[in-house]
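Trainee: Since chain P is already given, all that's left is putting chain A on it; use the hints.
Top line first, the protein sequences correspond to chains P and A. The first sequence begins at 1 in this note's numbering and counts up one residue at a time. The second sequence begins at 1 in this note's numbering and counts up one residue at a time.
One or more hints might be untrue.
Heads up, the list lumps identical chains together, so a pair's fine if it works in one copy or across two of them.
[Claimed, not checked] Capping the alpha-carbon separation at 20 Å, the derived lysine to aspartate or glutamate pairs in EDC-like fashion look like this:
1) Lys216 <-> Asp249
2) Lys216 <-> Asp268
3) Lys305 <-> Asp212
4) Lys127 <-> Asp249
5) Lys10 <-> Glu310
6) Lys216 <-> Asp265
7) Lys114 <-> Asp275
8) Lys115 <-> Glu189
Bear in mind the hints are in silico, worked out from the structure with no lab data behind them.
Each chain, written out:
Number of protein chains: 2
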Amino acid sequence: MNDLFLRACKRQPVERTPVWIMRQAGRYLPEYRALRSRSDFLTMVRTPELAAEVTVQPVELIGVDAAIIFSDILVVPEAMGLGFEMEESKGPRFPRTVRTRHDVGALRVPDPMKKLRYVVDAIELTKRALRGRVPLIGFSGSPWTLATYMVEGGGSRDYQHVMRMMLDDPETLRELIDKLTESVRMYLEAQLAAGADALQIFDTWAGVLPPDHFRKWSLEPIFNIVSRLHRDGQPVIVFCKGANHALRDIAQTGADVVGVDWAVDLADVRALIGDRVAVQGNLSPSFLYGSPGCIRREVRAILAKYGAGEGHVFNLGHGVFPDVPVDHVRAMVDAVKEESGVFHRG
Amino acid sequence: MNDLFLRACKRQPVERTPVWIMRQAGRYLPEYRALRSRSDFLTMVRTPELAAEVTVQPVELIGVDAAIIFSDILVVPEAMGLGFEMEESKGPRFPRTVRTRHDVGALRVPDPMKKLRYVVDAIELTKRALRGRVPLIGFSGSPWTLATYMVEGGGSRDYQHVMRMMLDDPETLRELIDKLTESVRMYLEAQLAAGADALQIFDTWAGVLPPDHFRKWSLEPIFNIVSRLHRDGQPVIVFCKGANHALRDIAQTGADVVGVDWAVDLADVRALIGDRVAVQGNLSPSFLYGSPGCIRREVRAILAKYGAGEGHVFNLGHGVFPDVPVDHVRAMVDAVKEESGVFHRG
Numbered sequence: 001m002n003d004l005f006l007r008a009c010k011r012q013p014v015e016r017t018p019v020w021i022m023r024q025a026g027r028y029l030p031e032y033r034a035l036r037s038r039s040d041f042l043t044m045v046r047t048p049e050l051a052a053e054v055t056v057q058p059v060e061l062i063g064v065d066a067a068i069i070f071s072d073i074l075v076v077p078e079a080m081g082l083g084f085e086m087e088e089s090k091g092p093r094f095p096r097t098v099r100t101r102h103d104v105g106a107l108r109v110p111d112p113m114k115k116l117r118y119v120v121d122a123i124e125l126t127k128r129a130l131r132g133r134v135p136l137i138g139f140s141g142s143p144w145t146l147a148t149y150m151v152e153g154g155g156s157r158d159y160q161h162v163m164r165m166m167l168d169d170p171e172t173l174r175e176l177i178d179k180l181t182e183s184v185r186m187y188l189e190a191q192l193a194a195g196a197d198a199l200q201i202f203d204t205w206a207g208v209l210p211p212d213h214f215r216k217w218s219l220e221p222i223f224n225i226v227s228r229l230h231r232d233g234q235p236v237i238v239f240c241k242g243a244n245h246a247l248r249d250i251a252q253t254g255a256d257v258v259g260v261d262w263a264v265d266l267a268d269v270r271a272l273i274g275d276r277v278a279v280q281g282n283l284s285p286s287f288l289y290g291s292p293g294c295i296r297r298e299v300r301a302i303l304a305k306y307g308a309g310e311g312h313v314f315n316l317g318h319g320v321f322p323d324v325p326v327d328h329v330r331a332m333v334d335a336v337k338e339e340s341g342v343f344h345r346g
Numbered sequence: 001m002n003d004l005f006l007r008a009c010k011r012q013p014v015e016r017t018p019v020w021i022m023r024q025a026g027r028y029l030p031e032y033r034a035l036r037s038r039s040d041f042l043t044m045v046r047t048p049e050l051a052a053e054v055t056v057q058p059v060e061l062i063g064v065d066a067a068i069i070f071s072d073i074l075v076v077p078e079a080m081g082l083g084f085e086m087e088e089s090k091g092p093r094f095p096r097t098v099r100t101r102h103d104v105g106a107l108r109v110p111d112p113m114k115k116l117r118y119v120v121d122a123i124e125l126t127k128r129a130l131r132g133r134v135p136l137i138g139f140s141g142s143p144w145t146l147a148t149y150m151v152e153g154g155g156s157r158d159y160q161h162v163m164r165m166m167l168d169d170p171e172t173l174r175e176l177i178d179k180l181t182e183s184v185r186m187y188l189e190a191q192l193a194a195g196a197d198a199l200q201i202f203d204t205w206a207g208v209l210p211p212d213h214f215r216k217w218s219l220e221p222i223f224n225i226v227s228r229l230h231r232d233g234q235p236v237i238v239f240c241k242g243a244n245h246a247l248r249d250i251a252q253t254g255a256d257v258v259g260v261d262w263a264v265d266l267a268d269v270r271a272l273i274g275d276r277v278a279v280q281g282n283l284s285p286s287f288l289y290g291s292p293g294c295i296r297r298e299v300r301a302i303l304a305k306y307g308a309g310e311g312h313v314f315n316l317g318h319g320v321f322p323d324v325p326v327d328h329v330r331a332m333v334d335a336v337k338e339e340s341g342v343f344h345r346g
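Extracted from the complex, chain P is given alone in its bound form (with noise of 0.2 Å):
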């Protein structure tokens, strides 16, 4: 197998550093566009044999050194007994929200085996059809992020449902923050059950929590998952979106892997906690409509912001977004690969 990632993960030796994208198995393939035109998206996640040949797709034709099961961080709350729609246009909504100690008492966790099997079925498929080719990565959003989208009832702008929530009635909010922990840690163990590799967790909504109600709502949840997976070596990636002011905090929840958006210097966070675990990013997914000789330029940069050694697994700083060129993003993937033996040499 091609392990450049999971050593990596491990700040072991790599001969050059590994990269994959978040969001890779996207609309920005064509090839991922053809099947998605056949079937909506809740259609392909939950049809493991559509959802482990996406997964495929950009090992196979952009060259990523991980795989990362196609799925969504809502499937979670939909097993809960949210249902889930998916408007193209505006992004995941949930037809009913979670205000009330009501709403959330009605919430169950859910057994993956039964709720999320299509999840399970997806991973092991996936694992077959890769062959060893490439480690497969499975993922959850946190506690925080997923309580966000239950609460709000899909994304927002001012965040105003959970905030309230989290002010006037705290109470309510830790019983939805504890039945989601459950949820995901269980998911998780799941997903390494039926093979995956290394796993991450997406805290997206991290930015919106000011540092002290971070650690509260966010990171002692992803913290109390963390220490308690039963894991054989997989490592394991939390990635807080806009808790740049956490990083410290955040390499301390037991994350081997710490992966960070774009508004921050590799450099400074190698410095601040390189010593404790390895460093996921952070190319922004904008700088991916440049040329690809301008993309080259930019990857290289960030290979130098991190410097000789190990411990680098690169990413971008989000998800690719669904109109970025192809061969950008090719590009990308190959300046990685070309540019980084050099820092591994010694």
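Mentor: Frame of chain P; chain A shown alone:
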């Protein structure tokens, strides 16, 4: 005059922490909505009597310690030759965009006494209406933030056009930024001449840029503006939203005050730059959806984070949301006034 705000900006002793609110002249105020129902947004911006009236409203109705002239950062691009539309639901839009060297070449550096005279007049009118009760803040968008709007043609999710220009055609972006730098500088000079007691530069899209690009494209132009302003003691506030990675650099632009969003610990900020500048912030605007009691608790937490001593201007970490209850805004202002005295005795 209540000069608490000006003294805090200069880190001089105050009896209590001053407070004002970004977008304090806005839709959360019933009295604003009453005026707004009779004139559209741009008419209000362009009619000095109306602009002055809504500028004074939060001083009288909410009790803030500073007024900020009612206007919009996009009046500068408009004065440079772009049109400007405001769709209330969608935010600002330019009917034309700036994408090519030719587009940039067609832009004029406007004489503010001609093209932005309505702002100058509004400041003079407002100064008279305020009758010395509180200082009046003038403002502008930063060159980078204005350039982003002009190139994208409005708000953006992916910033693809401005990023492409930055990477593939930096000479054109440089020309645009240089024109904006000169335009903003002259505009701010005119506001000072009209009687503005302080200035704020809003770099709303600072967080879009990785650190090195932020320094080059956003911070250098801000430095070039601040260092060349002819001031008679009027403080300058620089607020680069999402650029907390660069607080030390922002503190060296010549700003008297550095604004920060909510995603940073105010004690950390003070430790980092508090010996050089005052700090403005940093309650999350979403927290105003909480109850007045909770708002008071969060206000107290922020005051305690900054701690005893001078140099704190209380504000939100971003503009107030239009649907926040006015009583909650008032609760925040009252809490700052009542809870902050203890940090200024001694």
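Trainee: Hints first: check each against the structure and report whether it holds.
Mentor: Tested hints:
1. In the homo-oligomer, the alpha carbons of lysine 216 and aspartate 249 lie at most 20 Å apart inside one protomer (11 Å), although the nearest pairing across protomers, at 30 Å, exceeds that limit.
2. In the homo-oligomer, the alpha carbons of lysine 216 and aspartate 268 lie at most 20 Å apart only across protomers (18 Å), although the nearest pairing inside one protomer, at 25 Å, exceeds that limit.
3. When the C-alpha separation of lysine 305 and aspartate 212 is checked against a cutoff of 20 Å, the pair qualifies only between copies, where the shortest distance is 11 Å, while the shortest distance within a copy is 29 Å.
4. Proximity of lysine 127 and aspartate 249 under a CA criterion of 20 Å is satisfied in neither setting, with 33 Å inside one chain copy and 48 Å between copies.
5. Only within a single protomer do lysine 10 and glutamate 310 lie at most 20 Å apart by alpha-carbon distance; the minimum there is 9 Å, versus 46 Å between protomers.
6. In this homomeric assembly, lysine 216 and aspartate 265 come within 20 Å of each other (Cα to Cα) only across copies, at 14 Å, whereas the closest approach inside a single copy is 26 Å.
7. Taking the shortest Cα distances, lysine 114 and aspartate 275 never come within 20 Å of each other, neither inside one copy (40 Å) nor across copies (59 Å).
8. Within a single copy, lysine 115 and glutamate 189 get their C-alpha atoms as close as 14 Å, which meets the 20 Å cut-off; across copies the closest is 64 Å, which misses it.
Checked against the numbered hints given earlier, this structure breaks hints 4, 7; the rest are met.
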